[in-house]
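K.L.:
Read off the chains here:
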Amino acid sequence: MEIFDIFLLEAVLNGILLGGLLALLSLGLNLIFGVIDVVWICYAEMIMIGMYAVYALHVQQHWPLLAAMAAGIAIVALLGALMHQFVIRPVLSAEPINQLLVTGGVLFFLQAAATLAFGIEFKNLGVRLPPVVIGEMSFSFPRIIAFAMALAGVAATWLLLTRTYIGTAIRAISQDRGIMPLMGVNPGRVFVVTSALGGSLAGLSACLLVLQYDIHPAIGLSFGPITFLICVLGGLGNMLGGLVAAFIFAQFISVGGFFFAIEWGYVIAFVFFIAVMFWRPQGILGGK
Amino acid sequence: MTHSKILAAAAVAALSVSGVQAQQKEIKVGVIYDYTGAFAAGGSEAAGVGTKIAIDMLNEKGGVEGYKIVPIYADAQSKTEVAINEMTRLLDQEKVHIIMGVFSSAHCVPMAQRADASKKFMWANVCVASAVFKDKKLSYVFRPQVHSDQFGEASCSYIAENAREKLGMDPKKVKVAIIYEDGPYGAGVAMGNEAKCKALGMDVTLKEGYAASSPDLSSLVTKLKRARADILLHTGYNPDITLFLRQAREQGLKFKGIIGHGAGYGQIGKLTETFGADVNYFFNVDPVAAQLLDPKTLKPGLGDLTKEMVKRYQAAKGPADVPPHASMGFNQSWILFTDVLPRAIKKHGGIDPEALRKASNETDIPMGGTIQGYGVKFFGPGTPMAGQNERSSPVVMQYVNGRTYVAWPKAIRTTDPIFPFPKGHPYAM
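Quick note, the sequences are listed as chains A and B, same order.
1 is the number of the first residue of the first sequence in my numbering; add one for each residue after it.
1 is the number of the first residue of the second sequence in my numbering; add one for each residue after it.
Warning: the hint list may mix true and false statements.
To be verified - Which chain A residues stay away from chain B? Per the calculated CB distances, all over 12 Å, these: (1) 65; (2) 74; (3) 104; (4) 111; (5) 143; (6) 154; (7) 156; (8) 161; (9) 165; (10) 187; (11) 212; (12) 223; (13) 226; (14) 259; (15) 279.
Claimed, not checked - SDA-like cross-link-like pairs, simulated, lysine to any residue; straight-line CA separation at most 20 Å: (16) A/123 / B/275; (17) A/123 / B/269; (18) A/123 / B/213; (19) B/137 / B/110; (20) B/173 / B/137.
These aren't lab readings, by the way, just hints derived from the structure by calculation.
We put the CB at the ideal spot given by N, CA and C, even for glycine.
Just chain A, with the same shape it has in the complex (with noise of 0.2 Å):
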């Protein structure tokens, strides 16, 4: 029974792990939401083009890592602003079925692209990090510093909110797109740091799944579902809400594939995203 429970404890805490890691995938894209009323559903796809900048500054350009990521964080920021530029503020105005198809051809233009550059081979950092160990129970290290990237992003990008100009910027143009120009708020410089900003974030995320995952250019398809329903969970655009609802959804497939076939685990969390709409079709935090 006592191992039993040490098994058990495992899957609880390698869960919260699991829940920091989606808790800083659906962070950006919160925030973009949030603040521009669109879903990139290509945000993925960003992460997989900055997983694909570190592998090629570190391995092919022999970077230090931490120089290398320092960068792929600065593409995916420069991309974020770039999409918003030339992808996003086009259709601005149009039905969000339109935007959702931009994103969506935005997608499976990176995908190609990556296709096109890297090859289909998969990649790797072969950076092998060792794990924590603590009695019985072994821990990615990876996913802890995850987590606390995790952690870190979300205080970091309270903090840019709630103290900075450009912070209470953004946050003025969620509230109110209309009013804030009255207000002489810019909305497109608003709108290309935010896009920035989520950017950013994509490339932090980029960087910690790039020790841990594999490289190939349709690995946002493991990621990039699973985050758009955390943030729905969550209440679309809610960054708080995302972060409890990356944390119930882990836990949902960490404690509820330790019991049943990991298969399940995803079922119990689907199931439980759907009884969820039907109670708070905004999402758990979601305000509308």
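Put chain B on the given structure of chain A with help from the hints.
P.N.:
Below, chain B without anything else, positioned relative to chain A:
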């Protein structure tokens, strides 16, 4: 007849001859593999290269019985719906005579059903799920390749034959865990694993499937730690295999041996690149990579054929170890074009599905008659596995320092396998 008339007649005759040559008969072949997406690097592209080499070599010799092989290569993009759409396009618009290739069993099952229902000829090169044929009563679909039940049986037979000598255990005391991607391929192999291991009296402590695109397998690893199995039997693609192995190492999962079953485990180059020495002493069940066989055990000439295939593969893809999938893509294509197709043309009057079907059912290649060692004879019409090769067989290979060796069957093994994992190995118990 004046000189000028003779010259004119000769010119007309020459023109008509060259016209006939220009209109050399063609057989159009739709070759479908996953050239992009997650399956591409898991062996599909390698199989596609193998198939292309076979077609190129035959066309360089003038084709088959006066027919030039005209391949139309199509990318299934690792998506079943794309594979089906491409097959429909190739059959209806390109009017191909044969559909061939197909890496993933998830594509293969519906494609075979659809091809057979519309009485089109399909030749499956790589996909292994027994479910493609089992109780389907197919008439126009054939597969020389090994099927998943045989994969499942090979690993359990290997354990049973080596348990006493290598593990110092009664085979009936050996605890095995079976994990698999939950598509037709993984589920088919796992079913074969479970049936055979249980028939041999082994204790199957855990059997569980997972989605190949799953972003996290940590709870599965925790359960495997709790199950404390001696041997892990794993069937998966990539990237699920690398995710599992990475998380297993991080979570301290230990075994006496790990036996993979093709696909991602067939890519020793990729595994070594990712995990280095960690994949030393892993086993892989697959149809053998042709270059590992002793040519003396094969029909004369097949050794040279293998050498040519390896040469061309390495020219196309670099000097690394040639994966078994290259042999699969090449071998099955070679069987079709050098055995079945000539018979269809000469004996059954052409290249229509009926002629190809009849010629396939008459195939009778003895053991040692193909570069992968096995023979070819298809289960007959009306039988539960109609269309599947009854003479195919896989081998168990072991990876040691980036090289591949045959470990089972004992009669053709090229190494005395290292089993269990030696002390100090990251996955050793």
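K.L.:
Does each hint fit the structure? Answer for all of them.
P.N.:
Checked hints:
1. 65: Given that every Cβ of chain B is farther than 12 Å from that of residue 65 of chain A, nearest at about 17 Å, it holds.
2. 74: With a cut-off of 12 Å, residue 74 of chain A remains clear of chain B, as the shortest Cβ separation is near 26 Å.
3. 104: holds, 15 Å
4. 111: It is violated; residue 111 of chain A is separated from chain B by about 8 Å at its closest Cβ, not greater than 12 Å.
5. 143: violated, 8 Å
6. 154: holds, 20 Å
7. 156: holds, 24 Å
8. 161: Holds, since 28 Å exceeds 12 Å.
9. 165: Answer for residue 165 of chain A: holds, closest chain B Cβ roughly 38 Å.
10. 187: With a cut-off of 12 Å, residue 187 of chain A remains clear of chain B, as the shortest Cβ separation is near 35 Å.
11. 212: Contrary to the label, residue 212 of chain A does not stay out of reach of chain B, its closest Cβ about 7 Å off (not over 12 Å).
12. 223: Contrary to the label, residue 223 of chain A does not stay out of reach of chain B, its closest Cβ about 6 Å off (not over 12 Å).
13. 226: violated, 7 Å
14. 259: The claim breaks: residue 259 of chain A does not keep its Cβ more than 12 Å from every Cβ of chain B (closest is about 9 Å).
15. 279: It holds; residue 279 of chain A is separated from chain B by about 26 Å at its closest Cβ, greater than 12 Å.
16. A/123 / B/275: Holds, because 12 Å separates the two Cα atoms, which is no more than 20 Å.
17. A/123 / B/269: holds, 12 Å
18. A/123 / B/213: Within the cut-off at roughly 17 Å; holds.
19. B/137 / B/110: Roughly 14 Å separates the two Cα atoms, so the pair holds.
20. B/173 / B/137: violated, 39 Å
Hints 4, 5, 11, 12, 13, 14 and 20 from the list above are not met by this structure, while the remaining hints are.
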